[in-house]
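Using the hints, position chain L against chain X.
These protein sequence lines map, in sequence, to chains X and L.
Residues in the first sequence are numbered consecutively from 1, following the UniProt record's numbering.
Residues in the second sequence are numbered consecutively from 1, following the UniProt record's numbering.
Any given hint might turn out to be false.
It does not matter which identical chain is meant; a pair holds if it fits inside one copy or across any two.
DMTMM-like cross-link-like pairs, simulated, lysine to aspartate or glutamate; straight-line CA separation at most 25 angstroms [what the hints assert, rightly or not]:
no.	residue 1	residue 2
1	K170	E426
2	K218	E292
3	K447	D23
4	K126	D352
It should be emphasised that the hints constitute simulated quantities derived from the structure, not laboratory data.
Because the structure is a prediction, the values reported are computed rather than measured.
Now for the letters of each chain:
Protein chains: 2
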Amino acid sequence: MTGTLTGPITELTALLGDAVVTDRQTMIGYLRDHSLLSRAGDPIAVVRARTTDHVVATLTTANRYGVPVVTRGAGTGLAGGSNALDGGIVLSTERFDRILHIDEQARMATVEPGVVNGDLAAAAEKLGLWYVPDPGSRATCTIGGNLATNAGGACCARYGVTADHVARIKAVLPDGRIIHTGATTSKNVAGLNLTQLLVGSEGTLAVIVEATMRLRPKPVHSATVVSVFSSVVDAVAAVVAIRAVAEPSVVELMDTPTIVAVNEMTRMGIDDTAGALLLIRCDGPAAEIEAERCEQGCRGVGAREVHVTTDPAEGEALMEARRVALPALQRHGSTLLDDLAVPVMRLPEMIDAIAWIAERYHLLIGTFGHAADGNLHPTIVFDATDPDATARAYSAFDDMMNRCLALGGSITGEHGVGELKRRYLEPMVGAVELDVMRQIKHAFDPKGILNPGRAI
Amino acid sequence: MTGTLTGPITELTALLGDAVVTDRQTMIGYLRDHSLLSRAGDPIAVVRARTTDHVVATLTTANRYGVPVVTRGAGTGLAGGSNALDGGIVLSTERFDRILHIDEQARMATVEPGVVNGDLAAAAEKLGLWYVPDPGSRATCTIGGNLATNAGGACCARYGVTADHVARIKAVLPDGRIIHTGATTSKNVAGLNLTQLLVGSEGTLAVIVEATMRLRPKPVHSATVVSVFSSVVDAVAAVVAIRAVAEPSVVELMDTPTIVAVNEMTRMGIDDTAGALLLIRCDGPAAEIEAERCEQGCRGVGAREVHVTTDPAEGEALMEARRVALPALQRHGSTLLDDLAVPVMRLPEMIDAIAWIAERYHLLIGTFGHAADGNLHPTIVFDATDPDATARAYSAFDDMMNRCLALGGSITGEHGVGELKRRYLEPMVGAVELDVMRQIKHAFDPKGILNPGRAI
Chain X
1 MTGTLTGPIT
11 ELTALLGDAV
21 VTDRQTMIGY
31 LRDHSLLSRA
41 GDPIAVVRAR
51 TTDHVVATLT
61 TANRYGVPVV
71 TRGAGTGLAG
81 GSNALDGGIV
91 LSTERFDRIL
101 HIDEQARMAT
111 VEPGVVNGDL
121 AAAAEKLGLW
131 YVPDPGSRAT
141 CTIGGNLATN
151 AGGACCARYG
161 VTADHVARIK
171 AVLPDGRIIH
181 TGATTSKNVA
191 GLNLTQLLVG
201 SEGTLAVIVE
211 ATMRLRPKPV
221 HSATVVSVFS
231 SVVDAVAAVV
241 AIRAVAEPSV
251 VELMDTPTIV
261 AVNEMTRMGI
271 DDTAGALLLI
281 RCDGPAAEIE
291 AERCEQGCRG
301 VGAREVHVTT
311 DPAEGEALME
321 ARRVALPALQ
331 RHGSTLLDDL
341 AVPVMRLPEM
351 IDAIAWIAER
361 YHLLIGTFGH
371 AADGNLHPTI
381 VFDATDPDAT
391 ARAYSAFDDM
401 MNRCLALGGS
411 ITGEHGVGEL
421 KRRYLEPMVG
431 AVELDVMRQI
441 KHAFDPKGIL
451 NPGRAI
Chain L
1 MTGTLTGPIT
11 ELTALLGDAV
21 VTDRQTMIGY
31 LRDHSLLSRA
41 GDPIAVVRAR
51 TTDHVVATLT
61 TANRYGVPVV
71 TRGAGTGLAG
81 GSNALDGGIV
91 LSTERFDRIL
101 HIDEQARMAT
111 VEPGVVNGDL
121 AAAAEKLGLW
131 YVPDPGSRAT
141 CTIGGNLATN
151 AGGACCARYG
161 VTADHVARIK
171 AVLPDGRIIH
181 TGATTSKNVA
191 GLNLTQLLVG
201 SEGTLAVIVE
211 ATMRLRPKPV
221 HSATVVSVFS
231 SVVDAVAAVV
241 AIRAVAEPSV
251 VELMDTPTIV
261 AVNEMTRMGI
271 DDTAGALLLI
281 RCDGPAAEIE
291 AERCEQGCRG
301 VGAREVHVTT
311 DPAEGEALME
321 ARRVALPALQ
331 RHGSTLLDDL
341 AVPVMRLPEM
351 IDAIAWIAER
361 YHLLIGTFGH
371 AADGNLHPTI
381 VFDATDPDAT
391 ARAYSAFDDM
401 MNRCLALGGS
411 ITGEHGVGEL
421 KRRYLEPMVG
431 AVELDVMRQI
441 KHAFDPKGIL
451 NPGRAI
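Next up, chain X with everything else stripped away, as it sits in the complex (with noise of 0.2 angstroms):
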């Protein structure tokens, strides 16, 4: 076994150097993401790639040989779909980081894969554009990685997730061939949509080495709004209601839990009675008429309180609440966070569900989320190395899927299948379906080496 295995490491070493990595204490950082409870392999080499020649040499070695290669980029992931393969090459692109190119009238920034999500933004900024996908790991989490997650973020709500985002990819094939897929143009339709079949495959059919992304103007005007309900199903009502009147950027939600979380870590002083906060953003030229709109609608469903401001700075500093909810909740113990997307009228029926399954199985469960796409994450907090109470987060989280999918709902809304979700897709998607989508992916993989047993 080892003396075919060293094969590809020796050859790929020899042809990249020190890029490659079979260092056990180095690998260590590379072996998982941030889910809790993936499983991740024992890899035989980590490649920190650099250019797009490293990834061809990579995938060609590791084609022919028939070794599985996971592609990661910051490891931000939330499924496990970057978690290492037992035996396999994961194939970093932490470095491969550079910002080629911004066309700033044309509104486009070419960048290599593995560009922080934030550098972007803040290159984009500088010039007056703004790169809009902003998932909560924005700050370290990579381009590459959201395209093969396709990461939402909070102001999808109007804009869209990082798909809506992308103009053109290169990438390449397990045999080394390169493709590029997509245009520049603001509508293309020739040939088949390759650019949407890549993005949210997980690493599953080629490797992006490249993306041209969108730019948008950077509004000038904003507005948020700041609203406290007595229950979730009130807060859960002023989104309809906000829905049908105004298209806010941002709608985001928190519970109790989060609520109370959040206080104790930054002493806001968020009135943690409350059954709920709604933190929403309205911009575009229309920002303080439709933060009127999302006030009045709040108002009509009987909030308790609604502040409304136009000063960007309290802006950011209220929506500071949601930022740390995720890390709030982690200072009481281990947090297994779910990502499911149910039609945004069944979010009462869900939001019950999760506070009857909380209850089931005397867990604290937070949750906060994209209320607007009807995204939530309810996020199981329990002791780990309590094997009882690791039992019952499991059982908790298989009951909210099997409540998401009786809903109408998604299994995953901006997170990924991954290794995580893996058992929920056929049920969501499928037989015939799935059976397809593998099909497509022998059609990239004939060998099966990309990722193989992650997200389909």
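Chain L in isolation, oriented as in the chain X frame:
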């Protein structure tokens, strides 16, 4: 040959009765789409499907016998993609046309493929909702055809194309298996994006039998801006200026030959010494603010005349000029309508090239289109009974395609590749990419019965 070919039709007639048509006179209406210079074959039958079962029976029979199947909606295509194939079956969805359900709260409509775009829009409007995609042929074209070609329209400037408004698709594979793609949630990243793969695949992968389309609230406010320019170059400069400060839903361009033709037909009295006309619509709560910014953008680059109205009826009347552009040009001869897209910044070069090509081949070319998307429809007007003129029209078409490619454009923004543009596909997307597309087709359609030789 006839012996083997009567097999499938005899079987299908036994299964589907009068849904199967072999009468030559009736079949004539199903041979061609609206494109002029595309080739159409001689089919063995037309199946006018009314149900999913009809489609399943047609595909399984055709697949067993290896008979090609061309699916068509209303036949309003402009690239020959739904023209009949020799020895094939034309599968028409025109009678498969019920609006199954409109969910007002979730703002989604579930329809059969033969539902006419305008009928869906009208049904939505009765509920205060808006089905956005508005191709020029919306009075007759079908949602199935819109999905197959990823049809655009005027409102794409702000709201995107058909692909941006579809939640779920139900489709039949060539072997008769049924797939459901997508989700009714706002966000969903579970598995590969089969929905976006089917959209724009021009009937080469599967046959769409049902679709759930997203609706928006009907905007309450709108404002229309009409601006007259001395030259197309000035008009494009205005488009660039406008894009930086506003997000109009419609930005339509017409050049002098188009203005002259429209005036002749409608007696609208547009200044036909103008080099170009822009028709702009803004909507939403900031409609007036945005319209004012558009007006300033036009004046800033030296527009001859700018007129703004917030009266919806007047706005509609002004937009009519653009809507009749093609019929107005068609009064002057046969028309070869092109559909190309360039990055907006390259519009001046593309428009210069069109003028130069018109001069070179002594042809009238009227150009109109969706300026904010860089999507132009240069329309070659010529005498199709004159072989020399026809040859020059072909050459001009070819020159425009090549110039578009050289400018980094797309060979089709919204009409599709079909029959007409196949030879430009590989130069645009690349040989490896085309190979990948064909491998994907093979995964769906191993016997190659679905629209063979078209699109990819």
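Outcome of the hint check:
In this homomeric assembly, K170 and E426 come within 25 angstroms of each other (Cα to Cα) only across copies, at 17 angstroms, whereas the closest approach inside a single copy is 30 angstroms. Taking the shortest Cα distances, K218 and E292 sit within 25 angstroms of each other both inside one copy (22 angstroms) and across copies (19 angstroms). Proximity of K447 to D23 under the C-alpha cut-off of 25 angstroms is found in neither arrangement, the shortest distances being 27 angstroms within a copy and 49 angstroms between copies. For the homomeric pair K126 and D352, neither the shortest alpha-carbon distance inside one copy (44 angstroms) nor that between copies (34 angstroms) is at most 25 angstroms.
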